[in-house]
Amino acid sequence: GQQVMQIPQYQHVQEGEDFTTYCNSSTTLSNIQWYKQRPGGHPVFLIQLVKSGEVKKQKRLTFQFGEAKKNSSLHITATQTTDVGTYFCAPPESNFGNEKLTFGTGTRLTIIP
Amino acid sequence: KAGVTQTPRYLIKTRGQQVTLSCSPISGHRSVSWYQQTPGQGLQFLFEYFSETQRNKGNFPGRFSGRQFSNSRSEMNVSTLELGDSALYLCASSWGGTGTAVDTQYFGPGTRLTVL
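As you go down the protein sequences, you meet chains A and P in turn. Residue numbering for the first sequence follows my numbering, starting at 1 and increasing by one per position. Residue numbering for the second sequence follows my numbering, starting at 1 and increasing by one per position.
Looking at chain P on its own, in the form it has when it is part of the complex (with noise of 0.2 Å):
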């Protein structure tokens, strides 16, 4: 099978601008969570997607989105982006089926942001 793929790897930005980043997930999975990684604050949840609807979402300003497609695969966008976004944007994705539970999350290779 193969695994959660992001697109892009690498991505360079400048303060004001807006970015969207993709993820597909692993075949027969529904859920898709995005995190934020950066050395300062670690890995920070940002929003869960569980058939196309937003199930879950962390602490962060409404300039952070996302979207699910029918095919599981999830957008995240950031509008208006400053210096502080720049980190490593993980996406992960899980069978969803146990409810509100958390599955295994499966992660891949991440987006790096950087903000200049």
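In isolation and in its complexed conformation, chain A is listed as follows (with noise of 0.2 Å):
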């Protein structure tokens, strides 16, 4: 079945700092979904990804999908304590015809202030 790591599982970084989390696929991924869940919260959904090759942006978060479809990014520039939380990639995986969303390990984001 459909292998995802998610990489790093924990990343401490100073406010203003860069920060990326990276999601391998052992499988083609059809499509990548991200999402962020604050601590103490639910996961929200941020962005999806579907062409090979592309990239999105939202304000200081960029979202790249590979060219071969297997691999994900996420980076965010200049990291600000909102952006505290994990960070979650999940790719669907199909089950008998269905599709159902497999969820990364996470990274867990903390910012020194």
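Simulated from the structure, these hints should not be mistaken for laboratory data. Honestly, I wouldn't trust all of these hints.
[Said to hold, decoys possible] No farther apart than 27 Å at their CA atoms in a straight line, the calculated lysine-lysine pairs in the DSS-like style are these: (1) A:K36 x P:K57; (2) A:K51 x P:K1; (3) A:K70 x P:K1; (4) P:K1 x A:K59.
[Said to hold, decoys possible] Take a look, some chain A residues computed to stay more than 10 Å from chain P by CB distance: (5) K56; (6) L61; (7) E99; (8) K100; (9) I112.
Since the structure is predicted, the reported quantities are computational estimates derived from the model, not experimental observations. All residues carry an ideal CB built from backbone N, CA and C; glycine is no exception.
Both chains are given apart, each in its own frame, so use the hints to dock them into the complex.
This is the structure:
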């Protein structure tokens, strides 16, 4: 079956530094979604990537989908305390013709003020 | 539009008991999925309901079951609770109209279940 690895598991950065999390799959993905979960909160949808090599930006967040559609990354420029949380990649996995989301292990980002 | 609501928010049970959790999706959403979140296993998919039918299920034992009503509200039941069932149970709704593909998931606040 599909295996999704997300690295790093934890990242501590000084406020203002950049942050990147990577999501790697053993199989080609049809698309991938990214979610953010604040401490004590629930996952919130950030973005979906569909096309090979796709790059999307949301203010300081840049999302990329690899050319081979087997990996994806989320880069945050100049982190702020509001960026604290766990970031999950979530590609779909086909299960007898129906798709379900499989969440990566997540990268927990903490900011040192 | 009101978001996804889940009740109760917190629950404490003892081993062997059973529990029912409830989820009300965003108005107009017909798909409801349930996830279990634990520190050790992360976010694990339990099952998905669409138009009152289970459309997909994860790898959980039969003690975990669910159902969906005609108004799209969903319930999840766990029977014969075990200590390892302690977790945050998240419900997510989506439009569900793209056939078998996964739409954007809108999560509720979750139910924190503690099994003693």
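Outcome of the hint check:
1. For the hint linking K36 of chain A to K57 of chain P, the alpha-carbon distance of about 24 Å falls within 27 Å, and the restraint holds.
2. For the given pair, K51 of chain A sits about 30 Å from K1 of chain P by alpha-carbon distance, which is inconsistent with the 27 Å threshold.
3. Restraint check for K70 of chain A and K1 of chain P: the C-alpha separation of about 35 Å exceeds 27 Å, so the hint is violated.
4. At roughly 25 Å between alpha-carbon atoms, K1 of chain P and K59 of chain A fall within 27 Å of each other, so this suggested pair holds.
5. K56 of chain A, annotated as away from the interface, keeps every beta carbon of chain P farther than 10 Å; the closest lies near 14 Å.
6. The Cβ of L61 of chain A lies farther than 10 Å from every Cβ of chain P, with a closest approach of about 16 Å, so its non-interface assignment holds.
7. The Cβ of E99 of chain A sits about 5 Å from the closest Cβ of chain P, inside the 10 Å cut-off, so the non-interface label is violated.
8. Not every CB of chain P is more than 10 Å from the CB of K100 of chain A (nearest about 5 Å), against its label as outside the interface.
9. With a least CB separation of 22 Å from chain P, I112 of chain A remains clear of the 10 Å interface cut-off, as annotated.
The structure does not agree with the numbered hints 2, 3, 7 and 8 stated previously, though it agrees with the rest.
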